[in-house]
Amino acid sequence: MATNILVTGGAGYIGSHTCKALAAAGFTPVTFDNMVYGHDWAVKWGPLIRGDILNRGELDEVFAEYKPAAVLHFAAYAYVGESVTDPEKYYRNNVAGSLSLLSAMRKAGCRHIVFSSTCATYGAPDRVPLTEDHPTRPMSPYGTSKLMIEQMLRDFDAAYGMTYTALRYFNAAGADPEGQIGEEHKPETHLIPLVIAAALGRIPHIEVFGTDYPTPDGTAVRDYIHVSDLAEAHILAVKRLLGGAPSATYNLGTGTGNSVREVIKAVEAVSGKTVPVVEGPRRAGDSPGLYADSGAIIRELGWNPRYMDLNAIVETAWRWHEHGLPGKKHCNLRKPG
1 MATNILVTGG AGYIGSHTCK ALAAAGFTPV TFDNMVYGHD WAVKWGPLIR GDILNRGELD
61 EVFAEYKPAA VLHFAAYAYV GESVTDPEKY YRNNVAGSLS LLSAMRKAGC RHIVFSSTCA
121 TYGAPDRVPL TEDHPTRPMS PYGTSKLMIE QMLRDFDAAY GMTYTALRYF NAAGADPEGQ
181 IGEEHKPETH LIPLVIAAAL GRIPHIEVFG TDYPTPDGTA VRDYIHVSDL AEAHILAVKR
241 LLGGAPSATY NLGTGTGNSV REVIKAVEAV SGKTVPVVEG PRRAGDSPGL YADSGAIIRE
301 LGWNPRYMDL NAIVETAWRW HEHGLPGKKH CNLRKPG
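The opening position of the sequence shown corresponds to residue 1 in this note's numbering, with each subsequent residue numbered one higher.
Among the hints, erroneous ones may be present.
To be verified - Using 25 Å as the maximum straight-line C-alpha spacing, the simulated DSS-like pairs for lysine-lysine come out as follows:
| id | residue 1 | residue 2 |
| --- | --- | --- |
| 1 | Lys-107 | Lys-67 |
| 2 | Lys-186 | Lys-89 |
| 3 | Lys-239 | Lys-107 |
| 4 | Lys-67 | Lys-44 |
| 5 | Lys-67 | Lys-239 |
| 6 | Lys-239 | Lys-44 |
| 7 | Lys-186 | Lys-44 |
Note that these hints are calculated values from the structure, not bench results.
Given only the sequences and the hints, what does the whole structure look like? Please build it.
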């Protein structure tokens with residue numbers, strides 16, 4: 001019988017791609033999602049239980065029924081701007097929800113967790129590429145909430161022996177190469193799908209916020225990592241924890257920065273279409289450049305990202321968005337109890 005892995009937020013973008021990777025690795029992903037931002041059509045490789053991590057009763061039932069060997073924790077609100085205007089929502093869901101989850105894990109005797117963290121924990125960088133020992137000075141309640149959860153994980157490890165791997169993502173992008181699942185956010189804030197939407201005429205234009213940054217072409221630079229490479233890192237991390245390895249924190253990025261203009265050019269190259277662009281002023285809080293040094297996870301876990309070329313990442317996203325959302329069939333949706 002396959003080993004069950006509980007995946008909170010498994011109906012979301014990164015969570016669903018990781019569920020596919022879990023199934024390919026011989027695990028059974030058990031998705032637990034409140035479906036506020038998730039999609040039932042994205043859950044194809046195991047059961048989908050509709051529930052909230054703030055509800056201890058629902059969590060306790062899921063742990064009792066499925067007895068997962070580990071948890072992959074994606075469930076979180078993740079809109080930086082919204083976190084500034086409504087921090088209570090982020091501290092309640094992200095921080096209190098994670099405490100509820102850790103408490104349920106402890107009660108059930110589930111001792112391993114892979115946590116979806118973020119490069120937003122670093123804030124404005126002193127230097128790039130960013131290494132894991134860079135100071136953490138988050139600039140939003142979203143980033144602060146993730147950093148608080150990392151501290152909770154350290155404390156639960158020290159006190160109760162619950163081991164963790166925290167993965168600090170950079171900019172997740174792309175879609176399942178086989179086209180089974182992909183990215184759909186409402187509202188959409190990620191650059192690549194917005195540029196694709198402009199290329200397809202679904203929005204009037206893409207706005208470029210700032211063209212006077214100290215970067216080669218004046219636009220902001222970010223590290224775009226394919227979602228399937230992110231998913232594979234989670235498989236390596238959970239296997240490592242199940243094998244008895246100690247807790248760790250890793251960056252997840254390609255180590256290469258691409259500018260906003262380069263993303264636009266990549267979409268134009270892949271699609272053969274012209275993207276209408278409107279240039280605007282910088283947004284408050286945006287950094288000129290953010291990209292990762294992922295050497296630690298490459299050395300220690302043997303992570304080997306496949307999508308190191310921006311055009312290859314964009315091509316998978318373009319196929320998904322151009323052809324819509326195929327295969328919208330969910331698995332075994334129910335509530336606990």
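For each hint, the structure was consulted:
no.: 1; hint: Lys-107 x Lys-67; in the structure: holds, 12 Å
no.: 2; hint: Lys-186 x Lys-89; in the structure: holds, 17 Å
no.: 3; hint: Lys-239 x Lys-107; in the structure: holds, 22 Å
no.: 4; hint: Lys-67 x Lys-44; in the structure: holds, 20 Å
no.: 5; hint: Lys-67 x Lys-239; in the structure: holds, 17 Å
no.: 6; hint: Lys-239 x Lys-44; in the structure: holds, 22 Å
no.: 7; hint: Lys-186 x Lys-44; in the structure: holds, 21 Å
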